[in-house]
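Peer 1: Chains A and B are the protein sequences, given in the same order.
Per my numbering, residue 1 is the first one in the first sequence, and the count goes up by one each step.
Per my numbering, residue 1 is the first one in the second sequence, and the count goes up by one each step.
Simulated from the structure, these hints should not be mistaken for laboratory data.
Check before you lean on any hint, since a few could be wrong.
Cut-off 25 Å, straight-line C-alpha distance, at most; resulting in silico cross-link-like pairs (BS3-like, lysine-lysine) [to be verified]:
#, chain 1, residue 1, chain 2, residue 2
1, A, LYS57, B, LYS234
2, B, LYS57, A, LYS234
3, A, LYS225, A, LYS152
Number of protein chains: 2
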Amino acid sequence: MSFKHRLRAFAAGAAFLASVPAMAQENYTADSTTIRKFYDSALTSHESYENLRYLTKNIGARLSGSPQAAAAVEWSRQVMEKMGLDRVYLQEVMVPYWVRGDKEIGRILSGRNGSQEVNILALGSSVGTGLQGLSAQVVEVQSLEELEKLGKKKVKGKIVFFNRAFDNRHVHTMAAYSGAVDQRGGGPVAAAKLGAVGVLVRSMANEIQDVAHTGNTRYADDVEKIPAAAISTKGADQLSALLKEDADLKFYMRMTCETRPDVLSYNVIGEIKGSEKPDEIIVVGGHLDSWDVGEGAHDDGTGCVQSIEVLRLFKEQGIRPKRTIRAVMFMNEENGLRGGRKYAEVAKSKGEKHVAALESDSGGFTPRGFGIDGNDAQYAKVLTWKSLLTPYGLHDLTRGGGGADIGPLKGQGTVALIGFRPDSQRYFDYHHTAIDTFETVNRREMQLGAASMAALVYLISEYGLDGGPAKAVK
Amino acid sequence: MSFKHRLRAFAAGAAFLASVPAMAQENYTADSTTIRKFYDSALTSHESYENLRYLTKNIGARLSGSPQAAAAVEWSRQVMEKMGLDRVYLQEVMVPYWVRGDKEIGRILSGRNGSQEVNILALGSSVGTGLQGLSAQVVEVQSLEELEKLGKKKVKGKIVFFNRAFDNRHVHTMAAYSGAVDQRGGGPVAAAKLGAVGVLVRSMANEIQDVAHTGNTRYADDVEKIPAAAISTKGADQLSALLKEDADLKFYMRMTCETRPDVLSYNVIGEIKGSEKPDEIIVVGGHLDSWDVGEGAHDDGTGCVQSIEVLRLFKEQGIRPKRTIRAVMFMNEENGLRGGRKYAEVAKSKGEKHVAALESDSGGFTPRGFGIDGNDAQYAKVLTWKSLLTPYGLHDLTRGGGGADIGPLKGQGTVALIGFRPDSQRYFDYHHTAIDTFETVNRREMQLGAASMAALVYLISEYGLDGGPAKAVK
């Protein structure tokens with residue numbers, strides 16, 4: 001039965017041939033077979049899933065600078081050492097070390113409605129409140145613009161509560177996130193400038209949940225640093241409703257988080273040398289650090305184990321790529337991007353030529369495609385492979401994309417930055433929370449992603465991303 | 001931010017226009033806007049999700065003939081009554097009433113390795129073992145063919161254990177299911193013909209799990225009915241491993257299931273009359289019955305609430321369709337298909353003209369497309385709408401499809417049978433198990449499905465499915 005089905009799948013692929021005049025039939029068939037083998041192996045293997053289990057369950061949350069992050073570095077180095085790669089090495093990078101301290105307390109204090117606990121999580125990089133905590137009246141705004149208009153008089157001495165929700169009309173949840181996350185990043189500075197004493201930000205989530213979603217925030221050197229926390233979407237709705245009844249209510253928040261001195265950490269890198277153009281490098285990566293709550297499963301354990309899986313798929317199929325493939329576990333994506341910056345800095349100083357960098361940092365969900373940040377010729381080249389990718393549901397081959405860690409490579413030669421795009425619907429149910437756990441990852445979905453990444457990396461390794469017709473043309 | 005993003009979405013749609021010469025720009029824009037409104041509403045509404053919560057949590061599992069199935073009929077009638085539809089009615093159908101009885105016992109008895117409990121679930125329609133249960137030696141086979149070759153001598157008096165696993169290489173899990181489910185349907189008759197006393201079937205699942213997956217089996221009038229159960233994939237692996245060590249081990253199974261007299265039940269139907277061609281009917285449906293374990297969430301609570309949601313979306317947008325749209329909650333898909341057969345029988349006897357029937361019975365996951373079982377012209381017509389659907393990830397518009405409940409309509413005029421195709425990766429983690437619960441359904445994924453169904457139903461209601469160029473052409 002399986003065989004028949006696969007014949008059908010090949011036939012479907014073949015039907016696209018008419019639309020791919022630029023690629024010779026011969027190469028098409030060989031490439032199609034190689035890609036099919038990646039999927040066959042990925043879908044039947046448990047190795048990567050067990051890697052994820054170890055990373056999430058045995059190591060767990062691994063914020064930069066923490067002992068767990070160090071354990072993750074050593075573990076991923078060992079995993080790649082055992083794979084018989086051509087080179088596995090660490091790249092030193094100093095990272096910030098922020099610690100959350102005690103579990104936060106968030107409490108609505110209303111003379112009218114009594115006291116109610118709500119779930120808050122300090123935002124990454126936030127200062128603490130001191131052991132006593134702080135309590136103040138709350139001013140709710142929907143945007144930085146609205147805050148600006150209120151002015152100092154209405155803000156001074158208060159906690160500013162940014163409560164603009166995700167716009168759920170977006171089909172792609174990342175667009176909803178982009179439309180709300182300015183509150184988290186820019187809220188504390190904007191509020192402090194007007195004399196606020198603290199900030200609450202509605203959690204970055206599509207749904208009403210009891211868990212709070214942390215994430216990094218920013219301070220400015222010349223503006224007072226005030227404590228900032230994410231409040232669960234459920235808590236935000238409660239607070240907003242109570243404020244309508246009792247505008248004078250106070251909010252009590254207690255957070256003992258603090259930033260400690262920078263810590264030496266590492267990007268972890270494994271590579272398979274290219275047979276024909278070893279100096280042309282293709283990066284495939286994710287970030288090894290995670291927030292300090294939950295297990296960092298979808299963000300970004302899956303991206304790490306998928307990147308390692310790409311190398312495993314090449315090794316298992318006995319494929320020596322024409323160009324060098326480098327799996328990079330970046331450190332410190334969440335609260336500093338020091339790993340991504342360091343990687344680009346070293347690449348530049350060594351004069352390395354990166355053909356492409358592919359990042360998986362959108363969760364281990366069913367793949368939908370790739371976002372390509374490259375020039376017209378590079379994008380056109382990827383499109384010539386479309387018929388090899390659509391049989392696996394990879395229809396979304398769109399401009400724009402990339403990823404945070406690979407971003408600093410931009411402009412080094414003609415490197416194309418590519419973002420792996422899985423289905424986005426569930427990502428913000430888990431993102432930066434205590435419930436981003438191993439159990440929320442489906443083995444098959446994650447492995448389809450790994451095979452998809454391997455397929456694209458393979459095609460780039462075979463044909464490069466230079467403009468013009470595909471190299472496969474005879 | 002939302003607005004900008006939506007402009008981009010429209011622009012992406014517009015880019016496809018060049019490839020849709022058959023559809024006038026004017027209609028394209030209007031249809032595109034209508035469809036966008038369906039998605040906007042579906043993604044921001046919780047009504048359908050709350051319907052699912054009620055159906056799964058307050059009513060729960062609802063096997064045909066059970067009091068819960070009756071409650072589901074009355075509840076769904078009431079839900080549709082409140083919607084201001086043109087007509088809501090019940091369609092009588094006699095259904096089988098099978099009851100599971102006590103929780104099953106499954107036990108491996110090995111002289112060498114002692115006794116081990118494993119999870120089994122009686123297959124639907126199975127006879128019981130009697131109160132004492134039965135124990136017998138086990139003969140493991142991978143297929144009906146292998147069993148046939150063994151012959152009576154090696155099978156008589158034994159329990160036949162069908163242990164062929166899903167072929168996980170299939171990207172679409174439904175293909176893996178199709179490749180294994182003959183064991184469940186045909187196993188008991190084939191085994192009984194050779195004198196077996198019982199049957200165990202490896203659960204229809206992609207992964208190794210502790211839960212067993214039930215599902216219907218078949219008997220033949222002239223063959224002895226022997227008890228048949230699904231064994232969890234984990235239990236199947238254990239049993240198989242132990243058989244290799246001790247071929248003489250016995251398996252004890254106890255099941256008190258039985259089939260009782262048929263019960264009067266109903267298909268539940270709600271409709272919006274067409275303004276221009278009220279006699280042309282488009283069915284959108286799911287099945288209201290479920291297995292008696294779990295909550296029947298993905299199978300097929302989501303299909304039911306999505307079908308109701310399609311009507312809600314039309315009502316909310318104030319769209320009076322040109323053709324009649326009928327939401328049908330079919331009864332008894334799981335163990336008899338009596339509802340589907342009855343619906344087709346009544347349609348035929350009334351001489352109703354069905355243009356299309358769309359069934360959602362593959363889970364409430366992110367939509368990927370539709371499978372169309374129709375003639376060339378109908379399929380070509382659907383393809384002319386492709387550019388209206390792909391912005392929502394509906395790329396898989398392929399031949400073949402339909403659904404069990406709408407199947408009996410086949411051949412009535414030129415009705416096209418259409419299967420809604422969501423992402424399939426997680427379906428067989430839950431299918432027919434105690435863990436097919438409300439919690440496994442993601443609101444957004446389900447609602448994207450509902451909006452996708454509404455979009456296709458809308459286009460069919462506007463333009464029909466007659467062959468030739470789209471009606472929209474000027």
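Peer 1: Take the hints in turn and mark each one as holding or not.
Peer 2: The hints, checked one at a time:
Taking the CA atoms of A/LYS57 and B/LYS234, the gap is near 21 Å; set against the 25 Å cutoff, the hint holds. Our distance criterion of 25 Å between C-alpha atoms is met by B/LYS57 and A/LYS234, whose separation comes to about 21 Å. Pair hint A/LYS225 plus A/LYS152 holds up; C-alpha atoms about 16 Å apart against a cutoff of 25 Å.
Hint compliance for this structure: no hint is broken.
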